[in-house]
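Asks: One-letter residues, chain by chain:
2 protein chains.
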Amino acid sequence: MAKSKTKYVYFFGDGKAEGDTKMKALLGGKGANLAEMSSIGLPVPPGFTISTEACEAFQKAQKWPTGLADQVDKHLKRLENATGKTFGSGPEPLLVSVRSGAAVSMPGMMDTVLNLGLNDETRDAMIELTGNERFVWDAYRRFMQMFGDVVLGMEHEHFEEALQKVKDKHGAKLDTDLDVDGLKQVVAEYEKVYKRQKQTFPQNVKDQLRKSVDAVFGSWNNPRAIRYRELNDIRGLKGTAVNVQTMVFGNMGDDSGTGVAFTRDPSTGKNTFYGEFLMNAQGEDVVAGIRTPEPIADLRKHNRKVYKELREIRGKLEDHYRDMQDFEFTIERGTLYMLQTRTGKRTAVAAVKIAADMMKEGLIDEKESVLRLDPRQVDQLLHPWFDQDAEGKAQQVGKGLPASPGAATGRIVFNADDAEKQADDGKQVILCRIETSPEDIGGMHAAEGILTTRGGMTSHAAVVARGMGKCCVAGCGELTIDYKAKTLSADGKTFKEGEWISLNGTSGVVYAGKIDTVEPKLTGPFAELMKLSDKYRTLGVRTNADTPHDVDVAVRFGAEGIGLCRTEHMFFEGDRIVSMRKMILADDEDGRRKALAEIEPRQRDDFIGIFKALKGRPATIRLLDPPLHEFVPHDSEGQKQMAEAMGISVKKVRQKVDSLHEFNPMLGHRGCRLGIAYPEITAMQARAIVEAAYEVRGAKAEIMIPLVGNVKELAHQKRIVEQVIEEVKAANKGKKAPPIKIGTMIEVPRGAVTADAIAAEAEFFSFGTNDLTQMGCGFSRDDAGKFLKQYVEEGIYDADPFQSLDRDGVGELVRIAVEKGRSANKALKLGICGEHGGDPSSIAFCHEVGLDYVSCSPYRVPVARLAAAQAVIRHGDASKAARKSKKSSSKSATKTKKRSRKAGSKKSARKSAKKSAKKLSRKRSKKR
Amino acid sequence: MAKSKTKYVYFFGDGKAEGDTKMKALLGGKGANLAEMSSIGLPVPPGFTISTEACEAFQKAQKWPTGLADQVDKHLKRLENATGKTFGSGPEPLLVSVRSGAAVSMPGMMDTVLNLGLNDETRDAMIELTGNERFVWDAYRRFMQMFGDVVLGMEHEHFEEALQKVKDKHGAKLDTDLDVDGLKQVVAEYEKVYKRQKQTFPQNVKDQLRKSVDAVFGSWNNPRAIRYRELNDIRGLKGTAVNVQTMVFGNMGDDSGTGVAFTRDPSTGKNTFYGEFLMNAQGEDVVAGIRTPEPIADLRKHNRKVYKELREIRGKLEDHYRDMQDFEFTIERGTLYMLQTRTGKRTAVAAVKIAADMMKEGLIDEKESVLRLDPRQVDQLLHPWFDQDAEGKAQQVGKGLPASPGAATGRIVFNADDAEKQADDGKQVILCRIETSPEDIGGMHAAEGILTTRGGMTSHAAVVARGMGKCCVAGCGELTIDYKAKTLSADGKTFKEGEWISLNGTSGVVYAGKIDTVEPKLTGPFAELMKLSDKYRTLGVRTNADTPHDVDVAVRFGAEGIGLCRTEHMFFEGDRIVSMRKMILADDEDGRRKALAEIEPRQRDDFIGIFKALKGRPATIRLLDPPLHEFVPHDSEGQKQMAEAMGISVKKVRQKVDSLHEFNPMLGHRGCRLGIAYPEITAMQARAIVEAAYEVRGAKAEIMIPLVGNVKELAHQKRIVEQVIEEVKAANKGKKAPPIKIGTMIEVPRGAVTADAIAAEAEFFSFGTNDLTQMGCGFSRDDAGKFLKQYVEEGIYDADPFQSLDRDGVGELVRIAVEKGRSANKALKLGICGEHGGDPSSIAFCHEVGLDYVSCSPYRVPVARLAAAQAVIRHGDASKAARKSKKSSSKSATKTKKRSRKAGSKKSARKSAKKSAKKLSRKRSKKR
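If you're matching them up, the sequences are chains E and F in order. Just so we're aligned: the first sequence equals residues 1 to 928 in the numbering used here. Just so we're aligned: the second sequence equals residues 929 to 1856 in the numbering used here.
Keep in mind that the hints were calculated from the coordinates and are not lab data. There's no promise every hint is true.
Said to hold, decoys possible - With a straight-line cut-off of 27 angstroms between C-alpha atoms, the simulated BS3-like cross-links for lysine-lysine are:
| # | chain 1 | residue 1 | chain 2 | residue 2 |
| --- | --- | --- | --- | --- |
| 1 | E | Lys656 | F | Lys1717 |
| 2 | E | Lys521 | E | Lys484 |
| 3 | E | Lys305 | E | Lys270 |
| 4 | E | Lys712 | F | Lys1714 |
| 5 | F | Lys1584 | E | Lys427 |
| 6 | F | Lys1568 | F | Lys1628 |
| 7 | F | Lys988 | E | Lys786 |
| 8 | F | Lys1288 | F | Lys1236 |
| 9 | E | Lys786 | F | Lys1580 |
| 10 | F | Lys1580 | E | Lys421 |
| 11 | F | Lys1579 | E | Lys786 |
| 12 | E | Lys582 | F | Lys1126 |
| 13 | E | Lys360 | E | Lys22 |
| 14 | E | Lys582 | E | Lys656 |
| 15 | F | Lys1166 | F | Lys1139 |
| 16 | F | Lys1002 | F | Lys991 |
| 17 | F | Lys950 | F | Lys933 |
| 18 | E | Lys652 | F | Lys991 |
| 19 | E | Lys712 | F | Lys988 |
| 20 | F | Lys1321 | E | Lys786 |
| 21 | F | Lys1714 | E | Lys656 |
| 22 | E | Lys789 | F | Lys1640 |
| 23 | F | Lys1349 | E | Lys786 |
| 24 | F | Lys991 | F | Lys1126 |
| 25 | F | Lys1757 | F | Lys1463 |
| 26 | E | Lys712 | F | Lys1717 |
| 27 | F | Lys1166 | E | Lys712 |
| 28 | F | Lys1412 | F | Lys1355 |
| 29 | F | Lys1584 | E | Lys421 |
| 30 | E | Lys238 | F | Lys1640 |
| 31 | E | Lys651 | F | Lys1714 |
| 32 | F | Lys1126 | E | Lys652 |
| 33 | E | Lys427 | E | Lys651 |
| 34 | F | Lys1522 | E | Lys656 |
| 35 | F | Lys1757 | F | Lys1628 |
| 36 | E | Lys789 | F | Lys1580 |
| 37 | F | Lys1236 | E | Lys582 |
| 38 | F | Lys1540 | F | Lys1459 |
| 39 | E | Lys652 | F | Lys1714 |
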């Protein structure tokens, strides 16, 4: 067989590297950044990276691809040359770490092997070399354990038992209490463990390396890693790269140490050096949270020179990467080594502040600043906080580290499974753990907040919670957790599972009981970022709101109008339901008209309230949509009450309820089908809207006919609405007529594919993508839970199509409707009012396909503003391009995308981009 | 205002005419044919036709359009000149009839006024002129009555009471028993009726005419007319024309008469002169069935010359129209006049025979012959007939006229309302009436058959029943009906409402009780027509069949394979349901596999049976489709039995049943979603199919994955099926592998719009247009009854989209899928297996859009063969054109149609068409 020419291995070290930071897909984040750091002269222990392509090839063939072994050998040689050490022998043996590193950071997910290269021979050479017998034996037993656990898949309990046995024998409390003899005994015990498990600890160091690389490759598909990718929606990666790097030791004595730092505060975003370290420790010790580390500033006390060097590196990293970095370092006998850097995870608050500050500092321009906040994080900025009064009065039971900001209140649970189960049952829970581990990810996701009693700001719990935007108080040592008894104790007070506690992730305080929350406000750098977003975005952002209160909240968040005002609750509230039921029970139009007449003045008042709250912004109001059976009681008690209230027999009520039963209510008698069967409902609602619009100065009503699949349905309902408009106009002679538009939801697939016909009768379309997904995909939202989870897990759909718009399918229906609609009616206004209107990826789609606006729940308005701006920055002003396009081809999916990328952004955006580009000089102050 | 230049009035008479038979849309069928007959020299009383455009203008404005009055006046003058008579005065007063006549014949639906032009003055002149005082007074009182009833909307009871009063006074039994004095008294009484009803009988004859024309215009939208158009799916007409024609009288004595005739037997299609007449009677008397008329041959006895003349006219009409004609004539004092001709309605049997005979006679070519049978009529030829043995043993209770062939058995009902109600309840009923009237249409439609005790072969019941293809025995005078007692009596025996009777519409015999029926056979001219259809059609015709018996029937009818073999019953039959329920209750895959293993050999046997019956024809087999809850009992009794049979608790059964509940089962866990959740079901079915295919020589299996909306669903299931194929192949080493294709249903809208992706994985698509309609339009078939009726009535949909494919909407989805599918996979085979596959209009659509085949229920196969041939003859071979088309534009609806019309038919069809054209000379024998 011909030798493969593919380059699988990339060297770095000594101020040079074969890779760089742009090669993340190939080298993984860690590998690419090790190369980059090496290139810019940071002190990186030399090593090499095996590419993700090699991992991919391994996954397919379950063996190393042709050529990889040769390349690894060659690079080992190169590493020996660079370090002057030899692998597996010699007076200065080369020890390496083997670490995973995918293109996307997956903390704690992938496995690592340290101290590789140790065998009986090199162990002795190392003792000779370092003169530190204890350190070498400790390194040896650690390597044995890690190799057994990670590479050979032996249960780590076996090693822990063996270790405990020796510790007990020696009366040692901590591992560090063991002396050389003790460690030798541990090694002997570990050898027994290997024997019992019928495994061999390879003395051949190339075997060690090969098996370790295999294990890292294999860990790509371990259940934890798969679950992490699922939860974080990480797709399309080839695999993990493997970094083989010269070992440096933070545990060679008190002049050694290891730490993790951020170039800015990842919690608040403040421009301060932030981090933690442990002297005489290995890197894993900091992250694992076993010992509580010291704050970075205290490093000064241990080694002034190294601290100064670190501060300089901090500056270099930010100047180079132009973003906040999260890096790991090790000090080996007074010498500083950089082991990793990556873009630091941060809270939403920090993201906003860093983006704003870096723009002001000239590190990034406006566009980059807008791109720096993940719209999915915006939620964190909008989540309610504790009511200050309530928090003031609440009983404080402990204070830990403010690991991830925000406020959370919920019932205590003690393990991840319970958290998931109870959250599924709709309960709010706080996950309380001594410390968390990757196995807890699901439970952390399900919980409102996370509390740990051990670990620091960079412990697993803290890092993951920040990534999730979940409130977390970490390392709250005052509290004691008893997993068996299922209790949380603090200073004599004991909380049982199910009791309420509250966490303030910003202050680190833990409270007893439930604490009320208050609305967040849009101020400071976040408000600035929103303003900047508005400057760039071309998509309008409206809100789904049914009440003046909703409108107030949404307008405060920047909503430019209502995109969907549902009116069903206007038939339910108070005693309106009695009138509604009278209508349903009426035998003829006359009876229905009488009952509706009772509801009309109330609905008019509702609309007056909404128009007033909107202060001149437009409101798209959807006429009655749900089937009538939603307005009648289905239980016998309710039916009895209804019969009494109506003064009729229970039998009659039951008959009516039965007659309203539907096999598939989703596809039943609802939407405009009601208005066609009972035109008097449409007339009543239209009258209430139009009269309200006459009452409120500046009111702009857009009457929306739901569930139109056929232009004739719209025409039918439009006639009724237009007649009402004429009647109300006649009754308001002399008054200025308010602007009223008539349009429709596009939510039935037939509506989408006949949009040209419908557009001829409509002034606007609003895509009801919830129902369009239900009918387009044939998924009942109420039932699809049974199989959609599996569908997403197996990759049949990339994501739950109810959460993120299914671009290929439902999106194609939208695309067809946009093209056909605009082809028939150039003035047609297009929006979306499904829940996708608040989903960033779906918003980007709406922009690309050329909609005029999105509409979402009030709390999603800022998300939408940001996502809309990012869409322009990433794809250009596609909406214009799409609108100008005259070709209407059903194959335009890819075309639209290409076009939108080419299309320029709108004038103002383009202008300001130029300005920003000019400003973009490295004028960042050096005062840090 | 400027005078309108529109020509509204068209003259005919004296061997000339301004219109002709092609102008039916404008002049109505009657008017166009009066003009045509006049042109070809037949003795038509002169007159003129007011166009349907005038009617349309009248409907809009509710008044005569500008110019119409002038044109009517001018044509009245012309009529006076042509006849030498004067309208409303003079010694020879011009009397006219005013009759409606739409483009499509609507027998008995529209109103007629006769003897118009009579007033006090012309009455006296007519007495003077005819010397027949009684005749003139009778004509006068008839005109008064008709004008009051039809034009002024007075209840006809008032006139009948008045007439009865005078008859009683004079001891007259029949109207004809009244002498001049009596008739004068009737006129006096009628004048009182007018006065009491505050109406005026206009003495001004122009007023008479104007009001009558208005009434005819108005009758276009009377409820009977609307209902008739609905039932017969008559759309797109402008209105009715109005024919004003010189009166001729069949009731001027024994040398006068009137009749109705067909150029061939409309019941059997035999080439014999067929008709009825009454001497000394008006035309209405024949149709109304009050006196039983004489057969046409007996006219010889009354007037040899006129009979000879009529026979010659019969020949002229067929030569000219090249189709069987239904005509009306009147003999006035020995002179023959033609009052109407039209294409005669006929039974399906007659249609087939006439088409075949006329082709042989050289009157029409092959293509015309194929077009002559309405595919909707084919059903009649396929309906079961009485089992001859059973009929032989049955008790005959009477014999009437064989008015419309076929056999019917059902419960006796005595009025149309009851017929409709009971049919709605699923009962088979026979509508028994003394005679029928247009009000009975709905009931006739609902009944299995119609029995009348009065009236002839051209009575209302007979004509309408033949049109409907409904079995009818008419004029069975031996039977007596008592509407009040609700009894039918014959020779001492009395039948009550609800008792069973049976009708043989071919022999006219009525039987007591229910009679078993037998399958029809495809023989004689019908078989020839089918062969001819096969010669022309390009669409394949398959059948939906689940059992060998279905296959046998369908193959006899010409099916070329199975287009849809549903497999759900293969899980239900016998004790398989027990295994199926075990599978549903199983907790793990292992349990499910065990239960499925019990079903597998039985399904294999099922498929073996089907493959054998197919004798080498292909079978598209759909894997399990319905949701699992359809396989468990939902009532407590059934659940108890299931629990006992399974040996588990009722509670467990109930829990499982509850867990399977879905809110919208249509959009739930079904189709391939089952196969993805439980791959073992797919594997089991695939194994049963593939193993069966190995068993039967020539078996061709096409495995169809249902409910695919996403290509990845198909890919998932395909992998499983392919693996099974490999396994079975391995187990059958040395045996020739049967051809097995894998494809999918396109029934989810998402599947249609992503058909390009899906086609890359599929060898065939079968459009499941039932579900595509449900999801595309958002109509639950089980629930849509509530509003779809109104939708069709109001014209929102042209027809029930579940019966006739909705071309604009669902059709657009099909069109998109065809284009995208073929663009990605040129070899893709396309078919349809929804119930639309048996609907002629939908079949035409399938042809136009370029499908390869349709599939329908066995009894619909001949319908499909005929409809497919007609589609080629009408639209050309669109399938080829569509397949060649490389442009894939979603706007191609109209393009496809245009293209298909231009596209030539296939080679053989073109060749034979040329041959037929040559043969097409008027070589018809004169021997008739």
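Asks: So, for every hint listed, does it hold in this structure?
Replies: Evaluation of the provided hints:
1. E/Lys656 <-> F/Lys1717: Holds. E/Lys656 to F/Lys1717 sits at ~20 angstroms (cutoff 27 angstroms).
2. E/Lys521 <-> E/Lys484: violated (42 angstroms)
3. E/Lys305 <-> E/Lys270: OK: E/Lys305 and E/Lys270 at ~24 angstroms, within 27 angstroms.
4. E/Lys712 <-> F/Lys1714: With a Cα-Cα distance of about 18 angstroms, the restraint between E/Lys712 and F/Lys1714 holds, given a limit of 27 angstroms.
5. F/Lys1584 <-> E/Lys427: Between F/Lys1584 and E/Lys427 the Cα gap is close to 25 angstroms, so the pair holds against 27 angstroms.
6. F/Lys1568 <-> F/Lys1628: With a Cα-Cα distance of about 43 angstroms, the restraint between F/Lys1568 and F/Lys1628 is violated, given a limit of 27 angstroms.
7. F/Lys988 <-> E/Lys786: Violated, because 56 angstroms separates the two Cα atoms, which is more than 27 angstroms.
8. F/Lys1288 <-> F/Lys1236: holds (26 angstroms)
9. E/Lys786 <-> F/Lys1580: Answer holds: E/Lys786 to F/Lys1580 is near 19 angstroms, not above 27 angstroms.
10. F/Lys1580 <-> E/Lys421: The hint holds at about 22 angstroms.
11. F/Lys1579 <-> E/Lys786: Since the Cα atoms of F/Lys1579 and E/Lys786 sit roughly 22 angstroms apart, the hinted pair holds (cutoff 27 angstroms).
12. E/Lys582 <-> F/Lys1126: violated (43 angstroms)
13. E/Lys360 <-> E/Lys22: Given pair E/Lys360, E/Lys22 holds - Cα atoms ~26 angstroms apart, limit 27 angstroms.
14. E/Lys582 <-> E/Lys656: Since the Cα atoms of E/Lys582 and E/Lys656 sit roughly 11 angstroms apart, the hinted pair holds (cutoff 27 angstroms).
15. F/Lys1166 <-> F/Lys1139: The given pair, whose Cα atoms are some 20 angstroms apart, holds under the 27 angstroms limit.
16. F/Lys1002 <-> F/Lys991: holds (19 angstroms)
17. F/Lys950 <-> F/Lys933: holds (22 angstroms)
18. E/Lys652 <-> F/Lys991: Not OK: E/Lys652 and F/Lys991 at ~48 angstroms, beyond 27 angstroms, violated.
19. E/Lys712 <-> F/Lys988: holds (20 angstroms)
20. F/Lys1321 <-> E/Lys786: violated (59 angstroms)
21. F/Lys1714 <-> E/Lys656: At roughly 14 angstroms apart (the allowed maximum being 27 angstroms), E/Lys656 and F/Lys1714 satisfy the hint.
22. E/Lys789 <-> F/Lys1640: The given pair, whose Cα atoms are some 15 angstroms apart, holds under the 27 angstroms limit.
23. F/Lys1349 <-> E/Lys786: Roughly 42 angstroms between the alpha carbons, so the hint for F/Lys1349 and E/Lys786 is violated.
24. F/Lys991 <-> F/Lys1126: holds (23 angstroms)
25. F/Lys1757 <-> F/Lys1463: Since the Cα atoms of F/Lys1757 and F/Lys1463 sit roughly 21 angstroms apart, the hinted pair holds (cutoff 27 angstroms).
26. E/Lys712 <-> F/Lys1717: Between E/Lys712 and F/Lys1717 the Cα gap is close to 15 angstroms, so the pair holds against 27 angstroms.
27. F/Lys1166 <-> E/Lys712: holds (20 angstroms)
28. F/Lys1412 <-> F/Lys1355: Holds, at about 22 angstroms.
29. F/Lys1584 <-> E/Lys421: holds (20 angstroms)
30. E/Lys238 <-> F/Lys1640: holds (20 angstroms)
31. E/Lys651 <-> F/Lys1714: Since the Cα atoms of E/Lys651 and F/Lys1714 sit roughly 22 angstroms apart, the hinted pair holds (cutoff 27 angstroms).
32. F/Lys1126 <-> E/Lys652: violated (46 angstroms)
33. E/Lys427 <-> E/Lys651: Given that 27 angstroms is the threshold and the Cα spacing comes to 39 angstroms, the pair is violated.
34. F/Lys1522 <-> E/Lys656: Roughly 46 angstroms separates the two Cα atoms, so the pair is violated.
35. F/Lys1757 <-> F/Lys1628: holds (15 angstroms)
36. E/Lys789 <-> F/Lys1580: Between E/Lys789 and F/Lys1580 the Cα gap is close to 25 angstroms, so the pair holds against 27 angstroms.
37. F/Lys1236 <-> E/Lys582: violated (73 angstroms)
38. F/Lys1540 <-> F/Lys1459: holds (25 angstroms)
39. E/Lys652 <-> F/Lys1714: Distance of about 19 angstroms is within 27 angstroms: holds.
In terms of the numbered hints stated before, the structure departs from hints 2, 6, 7, 12, 18, 20, 23, 32, 33, 34 and 37, listed from lowest to highest.
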